[in-house]
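Both chains come to you apart, so use the hints to assemble them.
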Amino acid sequence: EIVLTQSPGTVSLSPGDRVTLSCRASESVAGNYIVWYRQKPGQAPTLLIHGASSRATGIPERFSGSGSATDFSLIISRLEPEDFAMYYCQQYGSSPITFGPGTRVDIK
Amino acid sequence: QVQLQESGPGLVKPLETLSLTCSVSGGPIETYYYNWIRQTPGKRLEWIGDIKYNTENTKYNPSFKSRVTMSVDTSKRQLSLKLKSVTAEDTAIYFCARSVLIGYYHYWYFDLWGRGTLVTVSS
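Heads up: the sequence lines are chains A and B, in that order. Under our numbering, residues 1 to 108 are what the first sequence spells out, in order. Under our numbering, residues 1 to 123 are what the second sequence spells out, in order.
What the hints contain is simulated information worked out from the structure, not anything from laboratory work. Treat the numbers as computed from the prediction; the structure is a model and nothing was measured. Don't take each hint at face value.
Unchecked claim - Counterexamples of contact, computed for chain B against chain A with all Cβ distances above 12 Å:
hint	residue
1	S7
2	L15
3	S19
4	T21
5	P28
6	E30
7	T31
8	N35
9	Q39
10	Y53
11	K65
12	S75
13	K84
14	V86
15	S123
Unchecked claim - Chain B regions said to be covered by chain A (calculated; three or more residues, Cβ under 8 Å):
hint	region
16	40-49
17	56-62
18	66-74
19	113-119
Every residue, glycine too, gets a C-beta built ideally from N, C-alpha and C.
One chain only, chain B, in its complex shape (with noise of 0.2 Å):
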């Protein structure tokens, strides 16, 4: 059964940049999309963008494109995001979620999501 599981400082200061993981465990990987999505302290979903595991090829949501990396460590099974230059409006609890795969179709919402991650942006 694949399990998603986010990983990463809690805490990050303004303006540096925030770094979080996704493992992967339990099954296959390679054909799906994951995605990175972001829940605010006023429970506001927000989808940051998204990254084909054996491509690497990736897709942001405007809102973040300046700022945000997506990429894959193979070797490890992980996923990584990264945010640059992150204000207090950055706090927030970050999820990867797979996007659904249906025969060779890939649809963007998601059956499968982490548990989440707290970041906290404070100096």
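Isolated chain A (complex conformation) (with noise of 0.2 Å):
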């Protein structure tokens, strides 16, 4: 099965700052078939990003992904106080279906 990473494990940052969350395959993910879940306490996990770089429906602009084969990004570009959450890539590509460990953005 695909082994993901992510990293950093947690990031403290401020409203209105930028951050770069990265999500790394054991092998390189067939069709870049990664999404990237956002996960508030207490709920279940909110899609953000399919296909490695499109916008799920509703989703705002200042969430974008890139990447392909093995190393994936999730990128934002501004911070609103609900993004501090944690942060899941998940890849589709093959089966069994697995999930990065997330990587948690809070208040710093």
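Below, the structure written as structure tokens:
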């Protein structure tokens, strides 16, 4: 199975800051089939990005995704208060589906 | 608007069988794949498997394959998950989630999730 590694584990930032989150795969992800989710405490994950770089319906432009093969990134251009949360990448290029361990974005 | 809601016992004894249901309301259901995903106390997400509603075809994560059974009750618009011989490591929040359907193509990422239900394995 494909193992996903996310970095950093935790990052502490201020509202308005820009952040880049990394997701690295143990092997090339077919079709660049990577998605990103945001999860707020006590809630289910919310889809942000699919196909590595396509924003999901209703997701603000401050979220963007990039990358290919084994290295992928989620960029949040200006952090809003609701963006202080956990972020997960997931690959759906091969079975079994796997998730990264997550990155926590905290308020400094 | 389609909604998913998980339900089931919050406490299961070791070596017994965990049984959960996912009720689907508010929209079309037949052509989708539905997945069970769990989140451990350490916040890790694990895909358990999926089931196609109208065919009941299943695919399970090899990590769970020997212990898991998924099924559908069409009369109740419900999906079910059974996980046998549980241990403390099966303590988690269990989510059902729908795979994305674009045209005729299914993609295994998830745009619709239930709120999840916490299951604790303890004697």
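Do the hints match the structure? See the list:
1. S7: holds (15 Å)
2. L15: holds (25 Å)
3. S19: holds (21 Å)
4. T21: Holds: least Cβ distance 17 Å, greater than 12 Å.
5. P28: P28/B is indeed farther than 12 Å from all Cβ atoms of chain A, at 17 Å.
6. E30: holds (22 Å)
7. T31: holds (18 Å)
8. N35: The assertion about N35/B is violated, with a minimum of 8 Å to chain A.
9. Q39: It is violated; Q39/B is separated from chain A by about 9 Å at its closest Cβ, not greater than 12 Å.
10. Y53: holds (18 Å)
11. K65: Contrary to the label, K65/B does not stay out of reach of chain A, its closest Cβ about 10 Å off (not over 12 Å).
12. S75: holds (26 Å)
13. K84: holds (19 Å)
14. V86: Non-interface label on V86/B holds, nearest chain A Cβ at 20 Å vs cutoff 12 Å.
15. S123: S123/B is indeed farther than 12 Å from all Cβ atoms of chain A, at 27 Å.
16. 40-49: holds (count 5)
17. 56-62: holds (count 3)
18. 66-74: Since three or more residues must qualify, the claim that chain A covers the region 66-74 of chain B is violated, with 0 doing so at under 8 Å.
19. 113-119: holds (count 4)
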